Structures are given as structure tokens and as C-alpha cells.
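Colleague: The primary structure of each chain is shown beneath.
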Amino acid sequence: MIRVVLPAHLRTLARVDDEVRVAVAGRVTQRSVLDALEASYPVLRGTIRDGVTLQRRPYLRFFACEEDLSHEAPDAPLPEPVVRGVEPFLVVGAMAGG
Amino acid sequence: MSGVRVLVGTRKGAFLLTADGKRDKWDVSGPHFGGWEIYHVKGSPADPNRLYASQSSSWFGQVIERSNDGGKTWEPVGNQFPYEGVPGTHQWYDGTPHPWEFARVWHLEPSRTDPDTVYAGVQDAALFRTTDGGKSWQELAGLRCHTTGSSWQPGAGGLCLHTILLDPANPNRIFVAISAAGAFRSDDGGKTWKPINRGLKSEGIPKPDAEVGHCVHRIAMHRSRPGVLFMQKHWDVMRSDDAGDSWTEVSGNLPTDFGFPIDVHAHEPETVYVVPIKSDSEHYPPDGKLRVYRSRSGGNDWEALTNGLPQRDCFVNVLRDAMAVDTLDECGIYFGTTGGQVYASADAGNTWKPIVRDLPPVLSVEVQTFQ
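Chains R and P, in that order, are what the protein sequence lines are.
For the first sequence, my numbering gives the first residue as 1, with consecutive numbering after it.
For the second sequence, my numbering gives the first residue as 1, with consecutive numbering after it.
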């Protein structure tokens, strides 16, 4: 299972209190993790990626294993500790705005 | 027992304000969706417990929330607003072509007869409709694909469709307004549209009386006379007696004819309300005095309503969707400010009291009446 940490507003929207775990079939990539996340929590469709273009929303970042993976290709494999469920995949809201 | 429920959208959540028919003691519920921008909340005329809210954020995009119990509980519904076909371009601020991009829902207008049917006005300007209670939204693309669409330019707030009026006498007639394209009317349920801007003059565009390009801020009608429309334009308060085919200016003796909201008394079709605002760019009341102006003659002759409103050092704005009227025997008027106050008058504007003073900046105000 892949561990995913969501920002507070998305946890509220998805009605979860803590990190979530999703099963990913095949290669574990940003795209496959987000596909699995949205399949489990349809309310998150359009909130992390644009619903039409599937582009990452500009004020969100993807972190894992103390690395910023936001600009990695959506189909690039995620780090092995994420694949093994040792480390979470973090969806992080930019600290900006008023 | 009679009562009202005021639905307030703010920059940081939604608030529901309820009172009995006296409208002097209020219960405040909220924030709902704290931290999110709530551009609009509106109830279904066909089922007052059915509410819809437009919830959005720069971080997480658009969410539509629905309540089936008058706002006690909410559930997210569909948030996909796909433009039909290849969207093409409109004009950007500098006049260059810019792709149509969905940003947010500005206004939700539930059907008068079906709680599952709702119209949504969005930025970049387009009209959508759901017939399944918000699960899915389909564009009424005839509007955006109008021959003038590629020439539409955004106002300062974006290219937004902010006003939707459903004709209570003719289910096929819909009015919308877009900043800064102008007003449009459909007579076939939204399939085709015509600009209805004849008589408008906007000095800030190359051809002041152009067919489109006018920054219409708001349109209002009285339900008994859907052919009579009142408009607050960027500058000028206007009136049409032929369903928008032509407009005449009725700014009259207003201290400034700039403003955002406009509304009509629930029982007096010739009684109209506006909030004059100093502009360009200041966007606060003239002389620091927050005054609602009322005309009892359908425009031109306006009186200042000040009793209970701050008459010094007041520099808030009242946005286009932030005024509403109830339908109790003595018509109530409500408006919210960018300073977070929501004011109510239970006597058609003669006297005012704040319901709340310290909300986040108010984006929209609607009211439901329970007889």
C-alpha cells in the first residue's frame, strides 16, 4: 500500500483524519498514485490535478523522501521507500496567500 | 411561523444567518468550509432545504457543495466544468488571444421548479447546467460560442459570468451578464443567445456603444415584470422595459453612478436599490458614508438611506452578488461588505442594523423567506 499525506483542507474534503493508503497496480508513479487516490476518494478529483489537463495545480507540490518531486515526469517511478510503504508521498499546499 | 435564512459567502467560508419574521434576533452558523472562498450560496425555490454552494481556492480549485437539510450538512458533488469542444480563445487584457480556462463558479442559480436543476455562471465566462443535483455539469455552449465570444475581454475580476436571471413567466428565457462583455438573452432555453446592450455607453472601450464589451456589474428584475430589467453597469444605472432590447440611463441624482449590486423591492416593482461607490479604483463609498440609495420611481429620483449605516470613516465595498431582498410582507433588504459586515433592514431600507460585523470579506448574500 502506498501512503499518501494530504493537506488539511483535502483531508476535510475527503473526510479522513490521517494519512491515507491506496493500492497501486503496476508501476508506482505520481500518475498511478493519484489515479488510485482519486478512485478511492472521487471528491479529490480536480483538487490536486486539473480535472481536464491533469496538470498539477500550481500551488501544490509533491514531496517524498525529503525531495521535491513536483517537476518529475508524472510517469517517472517514485522512490523505493514510497513503493514499499516506508515513506509517504506528500501532497503539500504552498505556504502562501492571505 | 415566518422567518428568513440569509446565505453569506465570504473569502474564508460560508455563514448562515437565521431569524424569525421580526428579523431582529439572529442565529449565526459557520464558518462552513472554513478557509475556502465561497463565491455564492443559493437555495432552490422548489425545495428550500436544498442549497448549493460554490467553494473554491487557488490551491485546490473548484468544489460544489450541496445540502439537503437547509445547510446543517453538506456533501460535495460534481466539480468538473468542461467546455464543450475545443474552447478557442477570447481576448486577454492586452488584446491578444487567450485560451478559455475554467477558474471558478461565480454564481449558482437553481431552477424555480426543479431542485436538481441549477445553472452555473463561471470564469472564464460560460454557462453550465446540471439536471442531476450537481453530479454533472454540461455547458450551454451557444453563449460562449456566440460570434462575438472571441472578442470578449475580462474585467478586473476576470472574464466572469456573474448574473443569471431565469424568467419566471417564460421557462425558455434566460438573461446573463458577463464582465466585461455585457448582457445576453436566450429565448430558447439557452441554446442560442443575443447580446442585449443597445443603449449602453462605456467610455472605456474603443466604440462606446459597441454591441459587446460593456462591463455590466449586475442585472435585477421583479418577478411580476420579467420584461423590466435594472442594471448597475461599471458606470451608469440603466433600465430596460423591453427585456433588454434597449436601455436608458436612470442614474439621475445619484452621487456617483458607479457601483456593483442592484436589486428590486419584493412587492414594489418600481422600487430599486443600489449602493453608489467611488471609482475608478477607489471602490469605497463617497465621503466615507455608507449609503444605500432607493428609487421608488424605477430610477432617476434616488433617496439616500442612512439610518443605522456608518456615516463617517467607512471605506468598504459592496460586491455585485452581495445584496438580496426577502419576500416578507414588509420587504427586508440585506447586503454584505468587504469589511465583513452584513446589514439588514426589516423595513424596506428605512432603518438598518448589522447582523454580524466581523466576518471575512463578503462575496455574496442571498436570502430565503419562510412564510
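Hints are computed from structural coordinates only; laboratory data are not their basis.
Everything numeric in this text was worked out from a predicted model, so none of it was measured.
For glycine and all other residues, C-beta sits at the position ideal for the given N, C-alpha and C.
Hints are supplied without guarantee of correctness; some may be wrong.
[Stated by the list, open to error] Pair by pair, the computed Cβ-Cβ distance ranges are:
| no. | chain 1 | residue 1 | chain 2 | residue 2 | range |
| --- | --- | --- | --- | --- | --- |
| 1 | R | A25 | P | D47 | 34 to 44 Å |
| 2 | P | P99 | R | V92 | 19 to 29 Å |
| 3 | R | E66 | P | E75 | 31 to 41 Å |
| 4 | P | F315 | R | P77 | 52 to 62 Å |
Colleague: What hint numbers does the structure not satisfy?
Modeller: none
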